[in-house]
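Novice: Given the coordinates of chain X, assemble chain H onto it according to the supplied hints.
Single-letter residue listing:
2 protein chains.
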Amino acid sequence: MKRRGRYVVAFDSLPVIISAASSVGKAEGEGPLSQCFDCVNSNDGIGSSTWERAEASLVKQAVAASVKKAAVKMPDIDVAFAGDLLNQCTASTFGLRDTDIPLAGLFGACSTFALALFMCAAAVDTGAVRLALAEASSHFCSAEKQFRFPLEYGGQRTPTAQRTVTGAGAALVAPEGEGVYITHGMIGRITDYGVKDIANMGAAMAPAAARTIADFLKDTHSQPGDYDMILTGDLGSVGSDLLLEIMQEEYGVDINNVHADCGKMIFDSQVQDAHAGGSGCGCSASVVCSHIIPQMKENKLKRVLFAGTGALMSPLSALQGDSIPAVTHAVLLVAKGGGS
Amino acid sequence: MKRRGRYVVAFDSLPVIISAASSVGKAEGEGPLSQCFDCVNSNDGIGSSTWERAEASLVKQAVAASVKKAAVKMPDIDVAFAGDLLNQCTASTFGLRDTDIPLAGLFGACSTFALALFMCAAAVDTGAVRLALAEASSHFCSAEKQFRFPLEYGGQRTPTAQRTVTGAGAALVAPEGEGVYITHGMIGRITDYGVKDIANMGAAMAPAAARTIADFLKDTHSQPGDYDMILTGDLGSVGSDLLLEIMQEEYGVDINNVHADCGKMIFDSQVQDAHAGGSGCGCSASVVCSHIIPQMKENKLKRVLFAGTGALMSPLSALQGDSIPAVTHAVLLVAKGGGS
Chain X
5 MKRRGRYVVA
15 FDSLPVIISA
25 ASSVGKAEGE
35 GPLSQCFDCV
45 NSNDGIGSST
55 WERAEASLVK
65 QAVAASVKKA
75 AVKMPDIDVA
85 FAGDLLNQCT
95 ASTFGLRDTD
105 IPLAGLFGAC
115 STFALALFMC
125 AAAVDTGAVR
135 LALAEASSHF
145 CSAEKQFRFP
155 LEYGGQRTPT
165 AQRTVTGAGA
175 ALVAPEGEGV
185 YITHGMIGRI
195 TDYGVKDIAN
205 MGAAMAPAAA
215 RTIADFLKDT
225 HSQPGDYDMI
235 LTGDLGSVGS
245 DLLLEIMQEE
255 YGVDINNVHA
265 DCGKMIFDSQ
275 VQDAHAGGSG
285 CGCSASVVCS
295 HIIPQMKENK
305 LKRVLFAGTG
315 ALMSPLSALQ
325 GDSIPAVTHA
335 VLLVAKGGGS
Chain H
5 MKRRGRYVVA
15 FDSLPVIISA
25 ASSVGKAEGE
35 GPLSQCFDCV
45 NSNDGIGSST
55 WERAEASLVK
65 QAVAASVKKA
75 AVKMPDIDVA
85 FAGDLLNQCT
95 ASTFGLRDTD
105 IPLAGLFGAC
115 STFALALFMC
125 AAAVDTGAVR
135 LALAEASSHF
145 CSAEKQFRFP
155 LEYGGQRTPT
165 AQRTVTGAGA
175 ALVAPEGEGV
185 YITHGMIGRI
195 TDYGVKDIAN
205 MGAAMAPAAA
215 RTIADFLKDT
225 HSQPGDYDMI
235 LTGDLGSVGS
245 DLLLEIMQEE
255 YGVDINNVHA
265 DCGKMIFDSQ
275 VQDAHAGGSG
285 CGCSASVVCS
295 HIIPQMKENK
305 LKRVLFAGTG
315 ALMSPLSALQ
325 GDSIPAVTHA
335 VLLVAKGGGS
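Read top to bottom, the protein sequences are chains X and H.
Start counting the first sequence at 5; every next residue gets the next number (my numbering).
Start counting the second sequence at 5; every next residue gets the next number (my numbering).
Here chain X stands alone, though its shape is the one from the complex (with noise of 0.2 Å):
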């Protein structure tokens, strides 16, 4: 691991997601991205007594697929690096709580999965380790209940507003194998300017999102051009606008060319009822391991910045009147024969 300007590391001995697998739920299983799916949950009750464990069982079926692609056995992973947006993540904990791997657990909100990414990725540069785990999660009505309303409240929701996406993703990352590259990353800095309205998180989200592109660009002395595109985590149709905004006004960089999000991937916002997109840590976690990783297996997509937006607000702090902090990882992925 090197450094590479200020913020970027290079994983000079380029680890590779060797399998990816995700699983999720009913609305996410009708949506554009249906087929992409490892595991499409019917109900999203999952067959569980609560909307916790319902999550948890996500997780259970999300890590179980990516093990099973990888034909690996539980107890060669070293580590599992996850998280989730539940208060004290207990789905990554009751998820992974009889895999007996070691679990370093993460919080960085949305923007979990890629932070996960990027410690596997640092993990398995070490040496040291030779299987690790990224995984992620969200559900829709256990964030409804805890982030918003209780479900049978019927609360309607505002025109920004996103849909918590119902779902897991789990992707390994060995010293070596088929499968797509993680060649660089870097660890966001909180970025708040001061946003509110936590009906908007792709607002609160979307200066961190820029913030962390141009570093990333400028560490990297690269252009939007030399990527086939850059991918943020949900920032949905508004935060996206705001971001190519941001992107334009703040740093003088178009990336209008090469942008993508994962939150407005996921739902047809106009039939699916998703306002401003898909949101929450499953987002971009089951929508990079289920729809990007495989078009870089088939060299459909080579060079993708995944840029992971997470924002770090709780119900509390927004009742007790503070602005929404937002941060954002990145890492770069790149398909084999797609350059360093």
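The hints are simulated quantities; they were obtained by calculation from the structure and are not laboratory data.
Just to be clear, a hint being listed does not mean it is correct.
A pair holds if it fits inside one copy or across any two, identical chains being indistinguishable in the list.
[Stated by the list, open to error] Pairs of lysine-lysine, DSS-like flavour, derived with a Cα cap of 25 Å:
(1) Lys200 x Lys149
(2) Lys306 x Lys222
(3) Lys340 x Lys304
(4) Lys64 x Lys200
(5) Lys64 x Lys149
(6) Lys30 x Lys72
(7) Lys6 x Lys77
(8) Lys30 x Lys149
(9) Lys77 x Lys222
(10) Lys73 x Lys304
(11) Lys73 x Lys306
Bear in mind that the values here come from a model prediction, so they are computed numbers and not experimental data.
Specialist: Chain H alone, transformed into the frame defined by chain X:
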């Protein structure tokens, strides 16, 4: 970084804790370690309008003190690993928001400070990070409110209950300098013996502590007598007794002579109404930073195996009838001249 046995890694470059500092509340300042802490607040409100903001203020105080001690500047810090017990880890976020340090958020409940030290050592050991910050915090009032009862309720606690420490600890880790080495570390596995009593965290965490300590001794081919201290995070008096029993009965190892526990040190339980002792992320963070590391710098302690213990439940998982999964992460702290 090289693997030693199944779970332990050795940090071959010998990362150094070049400074460590803490900030605590009134009760901690009246306890047996009153003379150790860098900053003792005379009022737990710490000039803040909410308990959550007060906890963020503790974070700011501890980080500022550690930076001042090391005679570095905030922008010199390449990355911070930090976490706390509040929902969505807002004490770390709001406490570090204005520092502009890249932030990798952690969740490990009360094991967070040990996990953060592990991450800092691993980061510095790669050669790509020159200065890393480990930070963790808790606050009696924000924790009571979130995990137990409103303070105004005046709830009575059971004898096995612990008192959440109002405190934050911060340590800076660098490739070289004067201080205490982090020579080895390990990430723990989730361990759950089915304990469901949320007023007895010590019992829930003791099995995880035993497993990590046993793994560490086995992987490093060492004996309890090779350490001046095997220091658990916050098992308190009940959990500590259980740890000694489990170590003896399940692993055949007697650690009686070298075991100590931060939760047993920080309060005078008889006088301070702390029942089974202190707990919370800030317990081991403040005790290690202000009591253990200074003794190691003076060579009064040479080899300390610090095993941070965490109970990974949430109030909701407990209400839903789930048991309390626990985890213990460990780092080996070695004074100059303390061997490798």
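Novice: Please go over all the hints and tell whether each is borne out by the structure.
Specialist: Consistency of the hints with the structure:
no.: 1; hint: Lys200 x Lys149; verdict: both (20 Å within a copy, 24 Å between copies)
no.: 2; hint: Lys306 x Lys222; verdict: within (20 Å within a copy, 45 Å between copies)
no.: 3; hint: Lys340 x Lys304; verdict: within (11 Å within a copy, 54 Å between copies)
no.: 4; hint: Lys64 x Lys200; verdict: between (35 Å within a copy, 22 Å between copies)
no.: 5; hint: Lys64 x Lys149; verdict: within (22 Å within a copy, 32 Å between copies)
no.: 6; hint: Lys30 x Lys72; verdict: within (23 Å within a copy, 53 Å between copies)
no.: 7; hint: Lys6 x Lys77; verdict: between (31 Å within a copy, 22 Å between copies)
no.: 8; hint: Lys30 x Lys149; verdict: within (18 Å within a copy, 36 Å between copies)
no.: 9; hint: Lys77 x Lys222; verdict: between (40 Å within a copy, 23 Å between copies)
no.: 10; hint: Lys73 x Lys304; verdict: within (21 Å within a copy, 52 Å between copies)
no.: 11; hint: Lys73 x Lys306; verdict: within (22 Å within a copy, 47 Å between copies)
Violated hints are absent here; each numbered hint is respected by the structure.
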